[in-house]
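**Q** Read off the chains here:
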Amino acid sequence: MSQHVTPRVRPELYVEVQQFYASQMPLLEARRLEEFLLTFTPDCTLEHIPYGWRFEGREQLLKEMSARRGDPDKPRAEETSARRAREENIAYYDGLVYRYWFDRMLIVPAADDTLKVRYQAMVSMTDAQGKVSFEPTTVVEDVLERRDGELMTRSRVVTHDSANWADKIHNPG
Amino acid sequence: MSQHVTPRVRPELYVEVQQFYASQMPLLEARRLEEFLLTFTPDCTLEHIPYGWRFEGREQLLKEMSARRGDPDKPRAEETSARRAREENIAYYDGLVYRYWFDRMLIVPAADDTLKVRYQAMVSMTDAQGKVSFEPTTVVEDVLERRDGELMTRSRVVTHDSANWADKIHNPG
Amino acid sequence: MSQHVTPRVRPELYVEVQQFYASQMPLLEARRLEEFLLTFTPDCTLEHIPYGWRFEGREQLLKEMSARRGDPDKPRAEETSARRAREENIAYYDGLVYRYWFDRMLIVPAADDTLKVRYQAMVSMTDAQGKVSFEPTTVVEDVLERRDGELMTRSRVVTHDSANWADKIHNPG
Numbered sequence: 001m002s003q004h005v006t007p008r009v010r011p012e013l014y015v016e017v018q019q020f021y022a023s024q025m026p027l028l029e030a031r032r033l034e035e036f037l038l039t040f041t042p043d044c045t046l047e048h049i050p051y052g053w054r055f056e057g058r059e060q061l062l063k064e065m066s067a068r069r070g071d072p073d074k075p076r077a078e079e080t081s082a083r084r085a086r087e088e089n090i091a092y093y094d095g096l097v098y099r100y101w102f103d104r105m106l107i108v109p110a111a112d113d114t115l116k117v118r119y120q121a122m123v124s125m126t127d128a129q130g131k132v133s134f135e136p137t138t139v140v141e142d143v144l145e146r147r148d149g150e151l152m153t154r155s156r157v158v159t160h161d162s163a164n165w166a167d168k169i170h171n172p173g
Numbered sequence: 001m002s003q004h005v006t007p008r009v010r011p012e013l014y015v016e017v018q019q020f021y022a023s024q025m026p027l028l029e030a031r032r033l034e035e036f037l038l039t040f041t042p043d044c045t046l047e048h049i050p051y052g053w054r055f056e057g058r059e060q061l062l063k064e065m066s067a068r069r070g071d072p073d074k075p076r077a078e079e080t081s082a083r084r085a086r087e088e089n090i091a092y093y094d095g096l097v098y099r100y101w102f103d104r105m106l107i108v109p110a111a112d113d114t115l116k117v118r119y120q121a122m123v124s125m126t127d128a129q130g131k132v133s134f135e136p137t138t139v140v141e142d143v144l145e146r147r148d149g150e151l152m153t154r155s156r157v158v159t160h161d162s163a164n165w166a167d168k169i170h171n172p173g
Numbered sequence: 001m002s003q004h005v006t007p008r009v010r011p012e013l014y015v016e017v018q019q020f021y022a023s024q025m026p027l028l029e030a031r032r033l034e035e036f037l038l039t040f041t042p043d044c045t046l047e048h049i050p051y052g053w054r055f056e057g058r059e060q061l062l063k064e065m066s067a068r069r070g071d072p073d074k075p076r077a078e079e080t081s082a083r084r085a086r087e088e089n090i091a092y093y094d095g096l097v098y099r100y101w102f103d104r105m106l107i108v109p110a111a112d113d114t115l116k117v118r119y120q121a122m123v124s125m126t127d128a129q130g131k132v133s134f135e136p137t138t139v140v141e142d143v144l145e146r147r148d149g150e151l152m153t154r155s156r157v158v159t160h161d162s163a164n165w166a167d168k169i170h171n172p173g
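Residue numbers (full-length UniProt numbering), protein chains in the order written: chain A, 1 to 173; chain B, 1 to 173; chain C, 1 to 173.
Take these hints with a grain of salt, some might be off.
All copies of an identical chain are treated as equivalent in the list; a pair is satisfied when it fits inside any one copy or across any two copies.
Pairs of lysine-lysine, DSBU-like flavour, derived with a Cα cap of 30 Å [stated by the list, open to error]:
(1) K131 x K168
(2) K63 x K74
(3) K63 x K168
(4) K74 x K131
(5) K168 x K74
(6) K63 x K116
Since the hints were derived computationally from the structure, they do not count as laboratory data.
Build out the structure end to end from the sequences listed, making use of the hints.
**A** Next up, the structure:
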């Protein structure tokens, strides 16, 4: 077996990618969905595997997120799974502050103005009483593109570490 | 709505800030409080919101931290909240190793020698038997200043994601 | 007491170290053990303290890891501790996806082509039903060396935050 080779990336680009995510993800956590979607290209795709869903374009994403992301100041939603929440149109993040924790970010420059970024992600949920719980862990593969000078997410594929993630009660009381 | 713009920062400064926190926070975890406070400016402020407390200057901070930070080798304190621990002078971190987990660090250079840094933070607590629990998540906004060539924390505002954080039993058995 | 001094490191090296870990640790998580061990020097050492074990060289590590790391697609192992798993040869990660979470990475260049890296680490375990749990937190001290142009781990010392870590039931049902 051959030697391990660490993928190289210029420090300027590495730091820009870190700052990109650090300014992108708080918009989602704050439910500022239209601003969040401006960090995605108009022709973006977002996919959850296995056994999940695939969304295309900002409009489809906005519709899905507006229906699901809820309001931290409302009472918590009844116990539900991601799949049932979609079927029954439940805002399953009601009553919760959720935060994304990213780690192990590997940045691999691809074509001009295109990057592949892989990382692991975990979502914490804090309720009004201060109880903290975690969604199943995931690995995320993004393609970032530079358009008009700024990085944007072209595609995101979220692979869940539990095959049953979409049927798990995601906010047990 | 206009384009998303990623805040830029020079790689040298980005890395220095990372190394600053990586050398600052272990001092707090190790209860080396006087050394920890040398990473704050003499006129520092530290504030917990909402419904929390505000401390001014190293001396006030040292007094508070000395009373509260406890000893990992002692038995665990009785169940208490942050608010009651202050009222009854309980060292509520007795018997616990606590670690801060930071993520999503966004660095925005402000004036000369001044930086704004925003991140999310979570505290883990590991007890002698190896049980791990988590305090409610927070978002932290720091102002860092360079004095005599070294970065220091000028102010820290910790916004807790649960409005009831200070009344939560923070170390349930 | 003297001023706090932040250890400096060149941005190119800082980023290379981040990318090194981001390409090293997923190999362990994916149980690609032979590739993982190519990120260690042939004369590497790995030690768990306190009251743990010390391994020397890739061969010893491969033997230990092959016996213990298990298969995420198998049923979960019976409840066990790290110590009993070694005594009774149990693959205690069967049925689990485990991920390492690193934080607070402090990089201190030592001799030519040698770095000291300290960080805190936490292991999450996600089972097939999506339940997430955490092993006790740790602090890790690595020595990295550059050989043939690539960074490799020369030694790793994992200090567990709970003295009883090896006797804890690490995967309670």
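**Q** It remains to establish, for every hint, whether it holds in the given structure.
**A** Structure-based check of all given hints:
1. For a Cα distance limit of 30 Å, the shortest separation of K131 from K168 qualifies both inside one copy, at 18 Å, and across copies, at 9 Å.
2. With identical chains, the CA atoms of K63 and K74 are at most 30 Å apart within one copy only, with a shortest distance of 20 Å there and 39 Å across copies.
3. Proximity of K63 and K168 under a CA criterion of 30 Å is satisfied intra-copy only: 23 Å inside one chain copy versus 36 Å between copies.
4. With identical chains, the CA atoms of K74 and K131 are at most 30 Å apart both within one copy (16 Å) and between copies (26 Å).
5. Taking CA atoms no more than 30 Å apart as the test, K168 paired with K74 passes in both settings, with 22 Å inside one copy and 20 Å between copies.
6. For a Cα distance limit of 30 Å, the shortest separation of K63 from K116 inside one copy, 27 Å, qualifies, whereas the shortest one across copies, 34 Å, does not.
In this structure, every one of the numbered hints holds.
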